[in-house]
Amino acid sequence: MSEINPSSLAEQSVGIVAAQTAHFEQPLCLKSGAILPQFDLVYETYGQLNADKSNAVLICHALSGTHHVAGKYNADDKYPGWWDNLVGPNKPLDTNKFFVIGVNNLGGCSGSTGPASINPQTHQPWGSQFPVLTVEDWVNSQSLLADYLGIQQLAAVVGGSLGGMQALQWTIAYPERVRHALVIASAPNLTAQNMAFNEVARQAIITDPEFHGGDYYAHGVVPRRGLRIARMLGHITYLSDDAMGAKFGRKLKDTIRYSFDAEFEMESYLRYQGDKFAGEFDANTYLRMTRALDYYDPALPFDGNLSQALDKVCAQFLLVSFTSDWRFSPARSHEIVKALLDNELTVSYAEVTAAHGHDAFLMPDPHYHAILRNYLHNIKVGEPS
Amino acid sequence: MSVNIAEFRHDFAIIAGWLPFGGKVLDLGCGDGALLEYLKSSLEIRGYGVEKDDANWLACMSKGINVIQMDLEAGLSDFEDQSFDTVILSQTLQAVHNTEGIVREMLRIGREVIVTFPNFGYWRHRAQSLQGRMPVSKNLPYQWYDTPNVHLCTIYDFDQFCINCNINVKERLVLTANQPVTFMPNLMGSLAMYRLESMPKK
Numbered sequence: 000m001s002e003i004n005p006s007s008l009a010e011q012s013v014g015i016v017a018a019q020t021a022h023f024e025q026p027l028c029l030k031s032g033a034i035l036p037q038f039d040l041v042y043e044t045y046g047q048l049n050a051d052k053s054n055a056v057l058i059c060h061a062l063s064g065t066h067h068v069a070g071k072y073n074a075d076d077k078y079p080g081w082w083d084n085l086v087g088p089n090k091p092l093d094t095n096k097f098f099v100i101g102v103n104n105l106g107g108c109s110g111s112t113g114p115a116s117i118n119p120q121t122h123q124p125w126g127s128q129f130p131v132l133t134v135e136d137w138v139n140s141q142s143l144l145a146d147y148l149g150i151q152q153l154a155a156v157v158g159g160s161l162g163g164m165q166a167l168q169w170t171i172a173y174p175e176r177v178r179h180a181l182v183i184a185s186a187p188n189l190t191a192q193n194m195a196f197n198e199v200a201r202q203a204i205i206t207d208p209e210f211h212g213g214d215y216y217a218h219g220v221v222p223r224r225g226l227r228i229a230r231m232l233g234h235i236t237y238l239s240d241d242a243m244g245a246k247f248g249r250k251l252k253d254t255i256r257y258s259f260d261a262e263f264e265m266e267s268y269l270r271y272q273g274d275k276f277a278g279e280f281d282a283n284t285y286l287r288m289t290r291a292l293d294y295y296d297p298a299l300p301f302d303g304n305l306s307q308a309l310d311k312v313c314a315q316f317l318l319v320s321f322t323s324d325w326r327f328s329p330a331r332s333h334e335i336v337k338a339l340l341d342n343e344l345t346v347s348y349a350e351v352t353a354a355h356g357h358d359a360f361l362m363p364d365p366h367y368h369a370i371l372r373n374y375l376h377n378i379k380v381g382e383p384s
Numbered sequence: 000m001s002v003n004i005a006e007f008r009h010d011f012a013i014i015a016g017w018l019p020f021g022g023k024v025l026d027l028g029c030g031d032g033a034l035l036e037y038l039k040s041s042l043e044i045r046g047y048g049v050e051k052d053d054a055n056w057l058a059c060m061s062k063g064i065n066v067i068q069m070d071l072e073a074g075l076s077d078f079e080d081q082s083f084d085t086v087i088l089s090q091t092l093q094a095v096h097n098t099e100g101i102v103r104e105m106l107r108i109g110r111e112v113i114v115t116f117p118n119f120g121y122w123r124h125r126a127q128s129l130q131g132r133m134p135v136s137k138n139l140p141y142q143w144y145d146t147p148n149v150h151l152c153t154i155y156d157f158d159q160f161c162i163n164c165n166i167n168v169k170e171r172l173v174l175t176a177n178q179p180v181t182f183m184p185n186l187m188g189s190l191a192m193y194r195l196e197s198m199p200k201k
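Protein sequences appear in the order of chains A and B. Going by numbering that gives the first Met the number 0, the first sequence opens with residue 0, and the numbers climb by one from there. Going by numbering that gives the first Met the number 0, the second sequence opens with residue 0, and the numbers climb by one from there.
Hints are not guaranteed to be accurate.
Taking beta-carbon pairs under 10 angstroms as the criterion, some of the chain A residues facing chain B (in silico) [stated by the list, open to error]:
#1 Leu317
#2 Glu334
#3 Val336
#4 Lys337
#5 Thr345
#6 Thr352
#7 Ala369
#8 His376
#9 Asn377
Each computed DSBU-like pair below joins lysine-lysine, with the alpha-carbon atoms no more than 35 angstroms apart [as the list claims (entries may be wrong)]:
#10 A:Lys96 / B:Lys51
#11 B:Lys62 / A:Lys379
#12 A:Lys337 / B:Lys39
#13 B:Lys39 / B:Lys137
#14 A:Lys337 / B:Lys23
#15 A:Lys246 / B:Lys51
#16 B:Lys39 / A:Lys379
Derived contacts from chain B toward chain A, CB cut-off under 10 angstroms, selection only [as the list claims (entries may be wrong)]:
#17 Arg45
#18 Ser61
#19 Ile64
#20 Ile67
#21 Ser76
#22 Ser82
Simulated from the structure, these hints should not be mistaken for lab results. Predicted model only: the values in this text are computed from it and were never measured. By construction, the Cβ of each residue, glycine as well, lies at the ideal position given by its N, Cα and C atoms.
Only chain B is shown next, with the shape it has when bound in the complex (with noise of 0.2 angstroms):
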């Protein structure tokens, strides 16, 4: 699987602007390694990226990215407490399993999490399913019976979860064909990435 970098610069850019220069980032579901390499490039950060496929993991090593071959959902625990700058999980939260517990070991891991989804309440997506269909768009190119996806969730969904599960959104930020969206944004919005942190103890 290659990704296109100027197909996916925007989001990329957003990430970028909410990293500090020279951090320690850690990136889940890496890849072929893309995001470190750009984030690498304009930032020069300190990457780190977790990624299972085998091609995946080929191609971000011979790219000079530290990548560790794992399944995310296997654990975290090579990973110490706090230990990042940020944590990122990049358009992979609808794929994981065990959602909220990978988002805590995210927040346990790094002092910010930055976590990047398809939004299934994207207009398009809604259409699809009143005409009675599974939504297939470019952010879910996948048909039902080969999708990856196992938590598809909207935007209004993601925030009620923050508030259940006590996280912070520092910022979040709503894209549609790499413009930014501020009407509406559960309806207008095709990918949504938010920003986020522990809340701070009382």
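Isolated chain A (complex conformation) (with noise of 0.2 angstroms):
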């Protein structure tokens, strides 16, 4: 095992890809008590799975996330997949080594089954009936998505955010199904404040006069307002106080003009980002990712004991935080540290020194692309296929 050296090969791209859909007959018990008769996942690969289909590697997405992780449908497409500095071939997760799959997550808006979808039962959009969900129902409908895929045993679960605690609960729920798990910014659970910002957001949607209590879809409307500002205060705790300082400072658009239209870069940033999330993104799966991140705590059945929740687990571990993050501070990838250690499982942690916030572990930082680089490098997998 050595460290390699980046530029010996040129990083490429996945270059053209397609969505796929696994659609599942059977039904989905989830953790509210709700049941899904039947579900969808979208969800796209990149590489070849491998003879002993031991070079998996799951992308889990975070908030806002999607399936499509690299690449780009078509030439023109003005972006590639949200990940896609991290994905391709010779990239620090190589596709001529790894399988990669990328999934829409259950209640999303991208393809998966979610609260636009049509509910069977009524053939209508399910809207306020779509059940919440939760980490632990994505892993379970992830594991599903494995074996529709034939894979027994994945060589990695990575993830980012909320995707990190679907890597984390990939560990606690399926220990003999994952080697690897890379917990990038992420946390145990939130905290109060952490909370507080979701709860804010739900407020902006729910109270929107359009919001029709869910059933927007019947009438034609979206919660478009309540979207918007919900996203623009996600972005507000994404970025540092440093990150907004060196990207706008106080800098004008023109010129003091006495108004509340958007004078300041950063009013005008927020508004551009609100307007084009609430263009693409559905409210009610907005509602329900913040949920998710809400309820999820894995040491809640053992009195707050972490370690004790890890006990089972037997997966390797790598943990990156960034040092400008607020919103999942190094803090909080450290009490998952503390915990793994406690269970004597192999762990690396590193705390990064980025500036751009939580949206850090979305950015090609040399050093942190190393770190995954490198660590991916020494995942063992069996030959090509």
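Once you've looked at the hints, go ahead and assemble the two chains, each given alone in its own frame, into the complex.
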């Protein structure tokens, strides 16, 4: 095992990709007690599954992520998948070596069964009747996808933020099915402050007159204003004060006009991000994603003792946090590290010096990517098929 | 910073001799992981390192060594009481600010503690001091203005420290140029190696 020279081989794109859909006829029992009678999971894969199926890596997405992790659907797409800087030939998560799976979580709005899907019992969109999902439910559904793809054991599960919670949950729920967990910018549960941001975001959506209790599809409207404010708030918390200062400072677009228009560049950025998001994302999905974040707390059945919660875990871990991330601070990653150490598990933990706040986990910082590259390089897989 | 294993093999070998086979070992300020790698291959230890420097951390992780990135002076609360067979502080003591606090933390976490440090009482250091210069040597390679070392001490000083702090010295070995020194170790010894434990309760 050795360090590898990142410049030795040119990084490439996975190229043109296409999503696939796995349909599951069996009912899925959810943590809430609700049952999804049937469901679809939309997913993408990159690279080739090897002969002994030992090279599969699952990427779990965060709040607004999708199955579209890397590559483009069309050559003229403006942007590639959301973690394209990580995934591809000779990239840190090298698709020459690994078979990488991106999946849209249940309750999502990018193709997997979610609140906007048709409820087979009513032939109407689920809307408010779509169940509240948990991280545990997502991981259970992802394990069914692994079955569907014929993969008994994943070489690794990788996730940042809410995705990191799913990676952690995989090692708890399916200890024998995960060899490595890469838990990035995550936490073993949310703090009160962190949940408070989610509550404000949800209130913005729920109190939007066009929310209609979650059944806005029937009214032909969407609660854009609420979703827009929720996203603006989220963006503030994903960035550090320093990053916002460096990016916008107090810069004006033009001049002070003594109005409430977007006069500062920061304001027009937030408005742009909010508008863009409100045009593509589903408000009911946003409510459920934030709720899943709030509810995740694997230590809860053990009186808050995370070490006991990880008692059955046998995966090897890489944890990464970022110094300027105040929404999922390094101290929260340390809690996971401590619980892993208490269980004498194999774990490395890096605290990356970065200015971008929570968003840093999506940035191609050279040291951060060297960490992921070298860790993934050391994961042993069988021969290519 | 790369460590040439061949150069340090003797102190590594002595440390290995103080560890149980397959033991659980924590190396504080583990550098590029050379010691843990050596102990893993020779004794099949279950090792963890603590390192704050990015490049060193990456070197450890790339060797397949468990390494936690943190400043050991910021506290070691990630580690439970008596959860390791041995906690090692190899040639780092002199760069630590809260010396007593760190040694106490090591004794809390480990059943045994190994501390090694450059002996400031070594005659070459004394000779340079007498010449009116701050000592520079193989074990103290820094100039006064760029040294990370803040708490240099002699073997005599550390013996007194252990007495004052009620720490039991199980073994002490002194090396110069990789050779053991028994005659006037505080004068003739360049590297001091201590095997410590909490004083047994009466």
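Now the hints, each set against the structure:
no.: 1; hint: Leu317; verdict: holds (8 angstroms)
no.: 2; hint: Glu334; verdict: holds (9 angstroms)
no.: 3; hint: Val336; verdict: holds (6 angstroms)
no.: 4; hint: Lys337; verdict: holds (4 angstroms)
no.: 5; hint: Thr345; verdict: holds (6 angstroms)
no.: 6; hint: Thr352; verdict: holds (7 angstroms)
no.: 7; hint: Ala369; verdict: holds (6 angstroms)
no.: 8; hint: His376; verdict: holds (8 angstroms)
no.: 9; hint: Asn377; verdict: holds (6 angstroms)
no.: 10; hint: A:Lys96 / B:Lys51; verdict: holds (31 angstroms)
no.: 11; hint: B:Lys62 / A:Lys379; verdict: holds (14 angstroms)
no.: 12; hint: A:Lys337 / B:Lys39; verdict: holds (22 angstroms)
no.: 13; hint: B:Lys39 / B:Lys137; verdict: holds (26 angstroms)
no.: 14; hint: A:Lys337 / B:Lys23; verdict: holds (16 angstroms)
no.: 15; hint: A:Lys246 / B:Lys51; verdict: holds (29 angstroms)
no.: 16; hint: B:Lys39 / A:Lys379; verdict: holds (19 angstroms)
no.: 17; hint: Arg45; verdict: holds (7 angstroms)
no.: 18; hint: Ser61; verdict: holds (4 angstroms)
no.: 19; hint: Ile64; verdict: holds (8 angstroms)
no.: 20; hint: Ile67; verdict: holds (5 angstroms)
no.: 21; hint: Ser76; verdict: holds (8 angstroms)
no.: 22; hint: Ser82; verdict: holds (7 angstroms)
The structure agrees with every numbered hint stated previously.
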